[in-house]
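Generate the whole structure from the sequences, applying the supplied hints.
Respectively, the protein sequence lines represent chains F and H. Note that the first sequence covers residues 558 to 1004 in my numbering. Note that the second sequence covers residues 579 to 1061 in my numbering.
Simulated from the structure, these hints should not be mistaken for lab results. Where hints are given, some of them may not hold.
[As the list claims (entries may be wrong)] Here chain H is said to cover these stretches of chain F; the calculated rule only asks that three of the stretch's residues, wherever they fall, bring their Cβ under 8 Å from a Cβ of chain H: (1) 920-928; (2) 939-950; (3) 988-994.
In this text, a Cβ means the ideal position worked out from N, Cα and C, and glycines have one as well.
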Amino acid sequence: MRQSPLTGHLIGLHEELSGGLPGAQDATVAAMRQRAIARLTEIGLPKITDEAWRYTNIRAFDKVAFRPTAESNAALTKLDFAALEIPSLNRYRIVVLDGWVSEAHSTLDELPEGLVFNRLKNVLEGSADSETIQILEDRTARAGHGFEALNSAFAADGVVLRLEAGLELDKPLEILHITQNDANSRLANINHCITLEKGAKLNLIERYVSMADTRHMTNVSIRIDLAESAELSHYRIQDESDASMHIGYANARQNSDSCYRIFSISLGSLLDRHEVRQSLEGADAHCEMKGLYIGRGKQHIDNYTTVVHASPDASSDEFYKGILNDRSRAVFHGRIRVDPDAQHTDAHQQNRNLLLSTDAEADTKPQLEIYADDVKCSHGATVGYLEADAIFYLRSRGLSEAEARTILTEAFAAEILDQIELAPVREFLLELVRDKLVGDHNLKEAA
Amino acid sequence: MNTSTAQDISEFVGREYKEGFTTDIESDTFPPGLDEDVVIALSKKKNEPRFMTDWRLKAFARWKKMQEPVWAHVNYTPIDYQSISYYSAPKSDADRPKSLDEVDPKLLETYEKLGIPLSEQKMLAGVAVDAVFDSVSVATTFKKTLADAGVIFCSFSEAVQEYPELVKKYLGSVVPSGDNFFAALNSAVFSDGSFVYIPKGVRCPMELSTYFRINAMNTGQFERTLIVAEEGSYVSYLEGCTAPMRDENQLHAAVVELVAMKDAEIKYSTVQNWYPGDEEGRGGIYNFVTKRGACRGDNAKISWTQVETGSAITWKYPSVMLEGDRSIGEFYSVALTNNYQQADTGTKMVHIGKDTSSTIISKGVSAGKGQNSYRGLVRILKGAANARNYSQCDSLLMGDKCGAHTFPYIEVKNPSAKVEHEATTSRISEDQLFYCKQRGLSEEDSVSMIVNGFCKEVFKELPMEFAVEAQKLLGISLEGAVG
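Shown next as structure tokens:
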């Protein structure tokens, strides 16, 4: 099979740079990277002939000479954090700059006892934590697509976090990813590992911003392990440059009685692909996945989710909504798999799309794969325009057509955002979404 | 699940197919294998004009370069296409049972329960034709009625001889010869099938089902059907039948093409009950079918209704290309899998014209170790303003070893379109059973009633007499479910 130019470029780049990556002198780490690059050479970056990527073509980025930056470069720029703050949010903060954890900008000193923090960089250099390296290794072996192999091959930094049993964090933890304004073609390969021990509770904000409209790539993996009765609320806010490519994948494993809530908000990037692979491996585990995506310009937003019910008595609830303007395109893939022993599963999934422009497109694939009989499963998907009746109702109350549309569109988005319990995050997102939607209502009547 | 239900289901699962298939060796059969010479010889044997031979060869050339598809949610041992014989002369009367007395009494019992008339029973059981004079005379009457209306209804081979221009014009116009692996194979080696042509403004005076059931048997394993409905015409066609069919071929790769012109309507119903294999999943028919209809003109309508209870593997997606403005596509399906049966079936609705609408109702019932998948595509193209689709896919699971899967694909490129998809998966609940039983129904009747209720929306789309038979068929399927 012919290799894509981007795949070839990255393989060549690895040869050039691998000697300088953290832990390059460590035989285990070097071998892991070698296997990863061999895997990338074998499978290449995804193509639209791969079923999982049939609606998402990365070819627009084929000619970009993506390149990771050295840590020393990443630390140089002075940043105005005030402009980046979520208003009135009291939080712990870890900053990731161009793919490198920036200790100087993080509030590491404040982190409470029982929260064990490490950088992946230190892990790779010290090779003390073989478990984390094993995670990277395993992912390479099972790599669903080339970006995962790429991530292991260039693995350099990320947040390795462990909450000890019973610890409830008093404030949310924000991991803020910043791509700096000189960062054209910058490639950030990031690996986070978050572990919550028995009964631990965490509010996690995973946020991505770019300082300028640069054409960079973020390739990020987050691995989440929830032990018995652990609870994680995860707010993922992707608002990178409109020219960038963002590839993210969360692999989450849940033990019994644990609860995982994710809000996945996709606003930025020219091409955004976000995968959530949820595995429910204990009785009474519960997961909620809520998503909101807003497409403008020529944005392409692909949410690819899988929920595996591997044990009985677990429940999952998935609800993704999208608003698509201009020439944007959204792809939703949702799969619920119920294994043969997973009796009494309760699994539901919904995807709703609002097309606001004649050039917008939505492709949705809600899927059920069920091997147990005593289950309650459903899924649904809709694609359409605003209800004519609803617009009429508002106009009959004296609102203009444009006002009526604005209200209805915002209400469509609010159905997801209103469920966010952290008030500052909710308010921040409502405002951000409103900004993105401004100017989007002057659309012509659908032909 | 309580023990009694578990037992009921295990007995339901234990129900045996009433008719196996035999493999008599026929004379006048091509040796196994497939190459260009076989395609040419086959065409020659059927005395086909040049264009047909060329068409088959072109299809064969395409097929040689194609890969067998693997995306369906089914598993089977690979098929050796070189071990199949691609031509076999019709069975001679000498090999058939002389009368119903020689037929397996269990089979007759099934016919009795389905309420099939004696003359048809003989046909279905493969009794020699000279014994079935009743139906032959009936057929002659039908033929005259159709001819008076101007309707052409004949075997495909006959159409190639009698109406080559029509065949040339429409063959492959909906399913091109290189459409997919199995369609290409069919195009190269199709044995026979049916040809229907309804002239402009004609409403076909009868359900072609009745006629078909007693005349178009033994069409072979590579069946090809072409139905053309001219402007303003209407036809209802039923393929297959509820009774178990005798068949010697394991691989079936059929192609059905429908063409509906302006204001025309085609209603195509299928009842498929081929041999599903035994309890261990041995044997059984592989049913790999390409069915597609094109609404070529404005206000055209194509409606597919299918009841699939047979075959070891079903791979089938009856589709509609909605080209004309305001054209309508419908798909109603019941698929039942038991033992090791696997079904991967659904539909494709491609909205091209304005104000087009489509409805998809799919009901899957899985029992035993059966695997039942719905796979469908709804595609709204940019020009399809105000297109409307509603899809509903429900699955019923009976037993804890079976599977029910739903794989819909929805692609929307027009904002004025409205597309909705819903799917649910459930089983027969203890509450439902308890309710029926405390009203005095037996457990068997209760299960049968609940399953029939689950499938009701599809059955009501079948021509009336078949709706009755299909319900009975499910009833029989559930027989023995209670000890």
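Evaluation of the provided hints:
Evaluation of the coverage hint for the region 920-928 of chain F: fulfilled, as 9 residues show C-beta separations to chain H shorter than 8 Å, against a requirement of three. For the region 939-950 of chain F, the assignment as covered by chain H holds, since 4 residues bring a beta-carbon within under 8 Å of that chain's beta-carbons and 3 suffice. Counting residues of the region 988-994 of chain F whose CB falls under 8 Å from any CB of chain H gives 0; the rule of at least 3 is not met.
In terms of the numbered hints stated before, the structure departs from hint 3 and from no other.
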